[in-house]
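J.: Kindly produce the complete structure, drawing on both the sequences and the hints.
Quick mapping for you: the protein sequence lines, in order, are chains R and U.
Numbering-wise, the first sequence is residues 7 to 288 according to this note's numbering.
Numbering-wise, the second sequence is residues 7 to 288 according to this note's numbering.
No wet-lab data here; the hints were simulated from the structure.
There could be a bad hint or two in this list.
It does not matter which identical chain is used: a pair holds within one copy or between any two.
[Unchecked claim] Quick list of in silico lysine-lysine cross-link-like pairs, DSS-like style, CA-CA up to 25 Å:
hint: 1; residue 1: K234; residue 2: K262
hint: 2; residue 1: K26; residue 2: K133
hint: 3; residue 1: K26; residue 2: K262
hint: 4; residue 1: K26; residue 2: K140
hint: 5; residue 1: K26; residue 2: K276
hint: 6; residue 1: K234; residue 2: K260
Number of protein chains: 2
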Amino acid sequence: MIHSFLMIGQSNMAGRGYSKEVPAIYDEHIKMQRNGLWQIMSEPINFDRPSAGVGLASSFAAAWRLDNEQHEIGLIPCADGGTSLDDWAVGGALFENAISQARLAQRTSQLSGILWHQGESDCSPEKAEQYGEKFSVIMEALRRELYIPEVPLIIGGLGDFLSHGIFGQYFASYPLINQALEDFARTHANSYFVTAKELTANADGIHFNALSQRILGIRYYNAFRDLKHLPDPLHDEEDRLAAMYNRPYTQTEKIKLLEHEFAVGNIDPKDYLAELAILSGR
Amino acid sequence: MIHSFLMIGQSNMAGRGYSKEVPAIYDEHIKMQRNGLWQIMSEPINFDRPSAGVGLASSFAAAWRLDNEQHEIGLIPCADGGTSLDDWAVGGALFENAISQARLAQRTSQLSGILWHQGESDCSPEKAEQYGEKFSVIMEALRRELYIPEVPLIIGGLGDFLSHGIFGQYFASYPLINQALEDFARTHANSYFVTAKELTANADGIHFNALSQRILGIRYYNAFRDLKHLPDPLHDEEDRLAAMYNRPYTQTEKIKLLEHEFAVGNIDPKDYLAELAILSGR
Chain R
7 MIHSFLMIGQ SNMAGRGYSK EVPAIYDEHI KMQRNGLWQI MSEPINFDRP
57 SAGVGLASSF AAAWRLDNEQ HEIGLIPCAD GGTSLDDWAV GGALFENAIS
107 QARLAQRTSQ LSGILWHQGE SDCSPEKAEQ YGEKFSVIME ALRRELYIPE
157 VPLIIGGLGD FLSHGIFGQY FASYPLINQA LEDFARTHAN SYFVTAKELT
207 ANADGIHFNA LSQRILGIRY YNAFRDLKHL PDPLHDEEDR LAAMYNRPYT
257 QTEKIKLLEH EFAVGNIDPK DYLAELAILS GR
Chain U
7 MIHSFLMIGQ SNMAGRGYSK EVPAIYDEHI KMQRNGLWQI MSEPINFDRP
57 SAGVGLASSF AAAWRLDNEQ HEIGLIPCAD GGTSLDDWAV GGALFENAIS
107 QARLAQRTSQ LSGILWHQGE SDCSPEKAEQ YGEKFSVIME ALRRELYIPE
157 VPLIIGGLGD FLSHGIFGQY FASYPLINQA LEDFARTHAN SYFVTAKELT
207 ANADGIHFNA LSQRILGIRY YNAFRDLKHL PDPLHDEEDR LAAMYNRPYT
257 QTEKIKLLEH EFAVGNIDPK DYLAELAILS GR
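T.: Structure follows, in structure tokens:
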């Protein structure tokens with residue numbers, strides 16, 4: 007049985023980290039959904055824009071795997087960059103797309119959690135004040151439509167870098183959104199808030215960089231596993247990243263990675279067949 | 007009003023051409039669907055695999071645009087690599103995903119055509135014999151579910167390179183599939199067959215290369231426009247490709263392309279703001 011997780015929110019849930027800045031996460035037990043089917047996860051998972059990159063879901067899944075060696079995890083990418091909370095209103099395209107993708111996943115998996123990161127597009131005192139009520143309506147409808155009244159909903163905070171970047175003027179109210187997100191989590195069952203403290207951004211000052219996304223994914227996983235809010239950074243983030251990166255590839259993974267190199271034209275057919283024969287032990 | 011087109015089938019509909027081999031197609035009037043919403047199209051459109059690349063839909067849209075200067079076109083990517091016709095059975099995940107994505111598109115566009123390319127995974131005499139009947143069931147259900155009884159369905163042939171590549175042994179029966187596809191189109195209303203004659207492949211001998219995908223897209227467009235089968239290559243394929251590539255970028259397109267370069271870290275913030283000011287005429 008695959009344990010699946012719905013990824014919703016805006017760009018920092020989709021992921022904009024630069025893949026060249028961190029080691030890859032590639033694990034045959036970590037799947038992602040494409041066209042209603044599962045395949046081995048590779049980044050970008052949530053290809054909402056050509057600039058999609060590393061997000062938090064990959065290290066969330068890898069952290070889950072460190073504790074669940076025999077099981078499979080599936081990621082359902084439905085986040086969309088630049089979207090406001092109003093864009094996620096019940097009945098809108100983003101909401102309906104997420105419902106349809108989650109339902110397809112439910113055919114072959116147990117929907118086990120919801121991963122949310124959003125708020126940059128709602129950084130104003132007025133919108134922050136309305137955030138909790140609007141978000142509550144969306145989440146109630148989502149849980150009802152998918153028959154998941156009690157699965158954990160993990161909600162990450164916005165980065166403290168937001169007000170300092172070149173677009174900082176637009177994000178001055180980000181602490182109000184963080185407060186709204188945390189207030190929501192503390193007043194709703196099965197909802198947990200995760201801090202973004204100490205995390206850093208790409209040069210745009212808006213998007214978590216790849217390493218910060220990796221760390222944020224571990225924090226999301228801890229909140230999910232322990233069913234607790236995470237108000238402060240963890241002490242073992244680096245060690246757990248190292249554990250993910252040090253896992254040796256299985257034979258299947260090596261073959262799939264070779265197939266990819268061949269598919270994108272990095273290996274010629276003769277070398278591909280020779281390497282494939284070696285990996286397959288033929 | 008956006009005229010939208012549903013992309014379904016296997017890898018050669020998704021596209022595996024190498025983008026470095028052809029000029030890009032980027033046009034603010036050509037959209038693609040992501041998460042139920044429209045954005046300016048860029049390749050890969052149909053990101054079913056990490057190896058997704060150039061497909062036929064981009065030049066199909068660009069050819070449409072050469073004839074429709076004031077209108078918009080939207081592409082709905084639902085093709086999935088390696089899938090057999092049975093994988094596309096009514097009620098299956100691929101079928102249901104395509105229905106849900108097309109319905110989201112129908113909220114804001116007129117679904118104007120269906121683009122199909124599939125058959126490599128059905129290359130056996132037995133499967134070729136069953137192809138027409140199975141495909142008919144799928145297409146009837148698709149048209150019924152989406153209320154599009156009469157929109158053109160464009161069906162491309164398989165490449166003649168298939169039986170010569172390193173995996174050629176698996177594709178010996180490809181002419182039987184081509185015959186089944188053509189027979190289907192000639193015996194069903196609003197269905198048109200397009201030849202893959204003279205097109206060539208990547209080194210894998212399976213996937214149309216980028217230039218062939220560009221040409222195939224033009225052929226698909228002609229069949230759609232003229233409501234006619236296309237049994238032979240066109241004489242103006244090169245000229246029309248040149249016309250697509252020579253279109254100068256609009257201000258909006260230049261700004262969006264600049265934003266992308268900034269988002270992926272290719273330009274530092276200071277240079278980005280300076281270039282943006284120039285492009286915006288500020």
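J.: Now, for every hint given, state plainly whether the structure supports it.
T.: We went through each hint and held it up to the structure:
no.	hint	result
1	K234 <-> K262	neither (37 Å within a copy, 41 Å between copies)
2	K26 <-> K133	neither (36 Å within a copy, 44 Å between copies)
3	K26 <-> K262	both (20 Å within a copy, 23 Å between copies)
4	K26 <-> K140	neither (37 Å within a copy, 45 Å between copies)
5	K26 <-> K276	between (28 Å within a copy, 23 Å between copies)
6	K234 <-> K260	neither (37 Å within a copy, 46 Å between copies)
Consistency with the previously given hints fails for numbers 1, 2, 4, 6, ordered from lowest to highest.
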